[in-house]
Amino acid sequence: MTAEWLDIGWVDQIPVRGSRTVQVEGGDDIAVFRTAEGKVFALLDRCPHKHGRLSQGIVHGGAVACPLHNWRISLSTGEALGEDKGCTPTVPVKIDGGRVLICRASTLKAAA
Amino acid sequence: MKHHPLKPEGDTRDHLVVIGNGMAGCRAVEELLARDAARYRVTIFGAEPRVNYNRIMLSPVLAGEKSFDDIVINDAEWYAANGIALVAGDPVVAIDRGTKTVTTRGGETESYDRLLIATGSDPFIIPVPGKDLPGVIAFRDMDDVDTMLAAADAGGDAVVIGGGLLGLEAAHGLSLRGMKVTVIHLMPTLMERQLDEAAGWLLKQALEGRGQTILTGADTAEIVGDGKVEGVKLKDGTLIPASLVVMAVGIRPSVALARDAGLAVGRGIQVDDHMVTSDPAVLAVGECVEHDGQVYGLVAPLWDMCRSLADGLVEQPTGYRGSVTSTKLKVSGIDVFSAGDFSGGDGCEDIVLRDASRGVYKRVIVKDDRIVGAVLYGDTADGSWYFDLLKKQEDVSELRDLLIFGQSFASGGGAADPKAAVAALSDDAEICGCNGVTKGQVVSCIAKGARSLDAVRGTCKASASCGSCTGLVENLLALTLGDEVQAGPKTMCKCTSFGHDDVRREIVAQGMRSIPEVMQKLHWTTPDGCSSCRPALNYYLLCALPCDYVDDQQSRFVNERMHANIQKDGTYSVVPRMWGGLTNPTELRAIADVVEKFNAPMVKVTGGQRLDIFGIRKEDLPAVWADLNAAGMVSGHAYGKSLRTVKTCVGSEWCRFGTQDSTGLGVKIERMSWGSWMPHKFKIAVSGCPRNCAEATIKDFGIVCVDSGYELHVGGNGGMHVRVTDLLCKVATEQEAMDYCAAFIQLYREEARYLERTAPWIERVGLAHITARIVDDPAGREALRARFLYSQSFSQDDPWAQRAEGAEAEHHAPMARFTPQEELA
Ligand code: SRM
Ligand SMILES: Cc1cc2nc3c(=O)[nH]c(=O)nc-3n(C[C@H](O)[C@H](O)[C@H](O)COP(=O)(O)OP(=O)(O)OC[C@H]3O[C@@H](n4cnc5c(N)ncnc54)[C@H](O)[C@@H]3O)c2cc1C
Ligand code: SF4
Ligand code: FES
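In the order they appear, the protein sequences are chains A and B.
Going by the working numbering, the first sequence opens with residue 1, and the numbers climb by one from there.
Going by the working numbering, the second sequence opens with residue 1, and the numbers climb by one from there.
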C-alpha cells in the first residue's frame, strides 16, 4: 500500500496554538502544528539553528518560536523570520473531512 | 405534490432532468431559461415535499422574523408557466447511466438526455450513543424548523451542538422562541473557521450577555434519554438537560447517488469548469460538487457555478474559476463579517483596530499590497468594501495607513496622512471619549510640558482609560513636538503600546478574565500576541484570579508545559523536590530505580541541593513521574517561574554553631511556598548562623538565624549579576519569619514585571517601598500573606501526579508513528 498521503489522525487531536509529532522510524520527527485560526502545517521537528524541537515552541500567528533560543520559524515556508537565517524542510499537509493527511514522499525524505 | 405534464406530442427537445429542488438546482434552471427558454424540456425531482425556497432564510423563519411564504423563491405558478415538471416529495434513488434513466423511491422512472445533480449536502451527525433518539435533529430544511418550533412551544431546555454559523443561528432562534439554550462547541472559540480568536471571543461575550450558555472546548460523549431526548452528557461528565438537541456540526456533500452511479467523486462530485462530471451527459452543481479541489458551503459560489453551467448548456461556455467567499452571521444585533484568508503567514501584515468601548474589532490582512482577508466584529459596514478590494485584488498601498478606518475615511479626499487628518481637526474635537478630552486640551497639556504618552495620560487623562485613542494622542505629540517626543516606559512587546504595569493595572481594574479579553480591551495589534506577551499575560491573569483562571498551556514556555527542563538534544531532565535538601532511602531508591529503568545517562547533585536525572525522553516523562510519585516525591519545579529550592544547612540539630533549627524551618517554608507561579524563579535559603553555609544572602529571600531570632534578607541573586541581599528586618519567632516570607512573595507576585527577578525589581522600586509594605504596615502584611495562602490553596497540586494519571497525555505521545516499510501504526 503506497498511498500518496499518510493519514495521521483527526485535526482535533492537535491542540489549538500547539503541536503534535509524528515519529518517523530512522529519522527526525515531523512536527504538526495548528494555529489559532485552525490552519494545520507540518515541518521537520528540527530548528535550523541548533536543532531545537520546534514542536515544543510557542505558536503565535503563523510562526513558532523555537524553545531553545527563541528563533521564529514560519510555519508555511519553514524559513527563519526576522534577522535569523535558515530554513527547516516543510511537509505538505491537507485536511480531508477532519482528518490530517501529510505527504508521504516528503515524510520519507525526512526519514532518509 | 406532483406537476407532471405528459411529454407533449412531437416535443423533440432534449430532456434535462434535475435531481434536487434546492437553491442550486432551481437557480441553474433559472439561468438556463434566461438564456434560451425553449432549448430543453425540464423535469425537477425534489426530496422535500414543497416548492423551491431560500434555505438561508430558515434562520429568520426559526427566529420568527419571516414565514415560510416569505422565503419561497419559485412558487407553483413558476413551474407551470415555464412548463417545468416538478416531482416533489419523492427522492431519486438510482441513476442508470447506461439507459440514461433515473428512478425514484416511489418507483417512477424517467429518461434523460442531460442530467443535473444538485443534491446539496447532508448534515453530519456525530456518531455518539443516543443520536437516533426522537428529539435529536439537524438544521437543514423546513421540516427541521417545524420540529424546532413544536419543541419550543413546549418550552424547556435545548442544546445546540456546534458553535458555527448554523449552530449559532439555531441557538439564537430557539432562545428568541423562549427556550433555555446551551451551545456546545468542541473548539476553544466560536465560528473558528470564519473568525479569529479575538472576534470569536467577542461573539461569545455577546451571546452570553443574551442569556445563552456557551460551552467551548466541550466534547459530547452521549445523548441520554429513555425513548426520547432528556439530556446531553459531555466527556468531562457534565450532564446538560435538554428536550431538544440540534446537531449543527457540519455538512458533507451529498454524493451517494453519484458514487453509486460510478461518477468520479472525491470529497464532492468532481466537475470541470463547466460543471460537467466524469460523464459528459451528467452535470452537477451546488454544495454537492468538488471543483478544483474545493467544496463550498455557502450560496455565493452557487450563483457563479450556475452561470457557467447555463453558459455551457447553451454551448457558449465561459467557465467557472472558483470563488472567494465571505460570511455574515444572521443574528440580529450582532454584526460579524469574515472574508478570505485570515490565517496570516509569510509576508502577511495584520492591520488591527480594536475599540473596546464600542465593542468593535476589525482586522484586515494585507499581502503584497493586496487585501487577502478581513474579519470584522461589531461594525461590519465596510465589509463589502474590503471584500470588493479583496476580490478585485486591488493595490491598496496608497490606502494602507487609513485602510482600517473604513471606506469613507480612507477615500475621503485630503485625509491621506493620519497626521494631517489629526492636524485638520478643530480644537474642540473630542480626542478621548472615555474622559471627554478635546484636542485643544491635549495640545495645551503637551505645551505645558507633557512630553510623552505617559505624561499626557497622567495629566489630562487622554487615552488613559480604554486606550483606543492612543494613536491620535501620539499623532498630536508628534505634531506638536516634532522630534522632542520622549519614549514612554518600554512597552510589553511590539504587540501593544502598553507597558507591563499598565496591563496589570487594567487587568485588575477592569476585572479581565482571559487573554483574548485583555488583547481586545487593550487594543493588541496582533491577533494572538507573541511568545513574549502571551506567557506574561497568562501569569498576570493567574495571579489576579487564582481561583477561576484557566491556565493557557499554549502560552507557556516549553519547560512549564512539559514540567521538565528541555535539553539541547530534545530530551528532558527531571528534578524531584527534596524538601529543604533532605532525603531518605525510599526516595534515593526510587531515583536509582528510575535511572536504571529509563536508562538515564546521568544523575547529578544540583547547586540547589537535590538530584537531577538527565536524558529522559518526552514519551517516558509520565511513567517517570508515576514512579517518583509512588515514593512520595513531587515536582521540584526546576523548570518553572516559581519557587525552586529552599536551601538549608544542618542548623541547631547537629551543628555546634547552630542557633535555630534552620533545616526544619527550611522544610516548613518550602511546604508553604512550593507550587506558586511567580514573575520569575524564586530561591530561598535558611542558614543556621551567620557563617551562612546555605548562602542565604544571595537568595531572593534569605533567612540567617541568630541567637535572638531570625534576620530576614531580600533581593539577592547569584546569577549573571551577583547581588547581595538587603536586610529587611529581624523577627523573633519562626512563625513571623514564615509570615514575612509569604507576604514578601505575594508583593513580588503582584508588583514585579514578568521575567523580573527580585534583585532588579528591588533596584527599581527601592528597598524603602518593600519596607513600607512589609515591615511598617502590619495590616497590609497580613493581607498580603492571606492572599498568598489563598492562592496557594489552588496551586499546590502536583502537576506530575495529574499527568502520571494521564492528564494532557497529548503533550507526551506522538500523534502517529510512521515506519517506511509498513505504513502508519
Ligand atoms: C541544574 C542546575 C545546575 C546544577 O547542576 O547544579 C541549574 C541548571 C540550569 N540553570 Fe541555573 N541551575 C542550577 C542552580 C543555579 C544556581 C545556584 C542556586 O540556585 O543556588 C544559580 C545562581 C543563583 C541564582 O539563581 O541567583 C543559577 C543561576 C541561573 C541563571 C541566572 C539567573 C540570574 O538571575 O542571573 C539562569 C538563567 C535564567 O534563569 O534565565 C539559570 C538557568 C539554568 C537552566 C535552567 C538553563 C536553561 O534555561 O535551560 C539550567 C537547566 C539545566 C537543566 O536542564 O536542569 N541558572 N542556577 C542547578 C539546579 C538547581 C535546582 O536544584 O533547581
Ligand atoms: C439554516 C441555514 C442557514 C444558512 N445560511 C446561509 C447564509 O447566511 N449564507 C450562505 O451563503 N449560505 C447559508 N446557508 C447555506 C446555503 O443554504 C447552501 O449553501 C445552499 O442551500 C446550497 O444549495 P444546494 O442547492 O447545493 O443545496 P440545497 O439548497 O440543500 O438543495 C439540495 C436539494 O436537493 C434535495 N435532494 C437531495 N437528495 C435528493 C435526491 N436523491 N432526490 C431528490 N432531491 C434530493 C434536497 O432535499 C434539497 O432540497 C445556510 C444553510 C442553512 C441550512
Ligand atoms: S551554568 Fe547553568 S545555564 Fe550555564 S551551562 Fe551550567 S547549568 Fe547551563
Ligand atoms: S535551536 Fe532553535 S533557536 Fe536555537
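Warning: the hint list may mix true and false statements.
[Said to hold, decoys possible] Straight-line Cα separation of at most 30 Å, DSS-like style, residue types lysine-lysine; simulated pairs:
id, chain 1, residue 1, chain 2, residue 2
1, A, Lys85, B, Lys330
2, B, Lys235, A, Lys50
3, A, Lys109, B, Lys521
4, A, Lys39, B, Lys681
5, B, Lys681, B, Lys568
6, B, Lys235, A, Lys39
7, A, Lys85, A, Lys39
8, B, Lys681, A, Lys50
9, B, Lys328, B, Lys392
10, B, Lys235, A, Lys109
Hints are computed from structural coordinates only; laboratory data are not their basis.
No experiment lies behind these values; they were computed from the predicted model shown.
Structure-based check of all given hints:
1. Straight-line distance between C-alpha atoms of Lys85 of chain A and Lys330 of chain B comes to about 47 Å, which puts the hinted pair past the 30 Å bound.
2. With a C-alpha separation of about 41 Å, the suggested pairing of Lys235 of chain B with Lys50 of chain A is violated against the 30 Å cut-off.
3. For a cut-off of 30 Å, the pair hint linking Lys109 of chain A to Lys521 of chain B is broken: about 46 Å separates their Cα positions.
4. At roughly 35 Å between alpha-carbon atoms, Lys39 of chain A and Lys681 of chain B are farther apart than 30 Å, so this suggested pair is violated.
5. Straight-line distance between C-alpha atoms of Lys681 of chain B and Lys568 of chain B comes to about 21 Å, which keeps the hinted pair within the 30 Å bound.
6. This hinted pair checks out: Lys235 of chain B and Lys39 of chain A have alpha carbons roughly 25 Å apart, not beyond 30 Å.
7. A hinted pair counts as satisfied when its Cα atoms are at most 30 Å apart, and Lys85 of chain A with Lys39 of chain A qualifies at roughly 24 Å.
8. A distance of roughly 26 Å separates the Cα atoms of Lys681 of chain B and Lys50 of chain A; the hinted pair therefore holds under the 30 Å criterion.
9. At roughly 20 Å between alpha-carbon atoms, Lys328 of chain B and Lys392 of chain B fall within 30 Å of each other, so this suggested pair holds.
10. A hinted pair counts as satisfied when its Cα atoms are at most 30 Å apart, and Lys235 of chain B with Lys109 of chain A does not qualify at roughly 39 Å.
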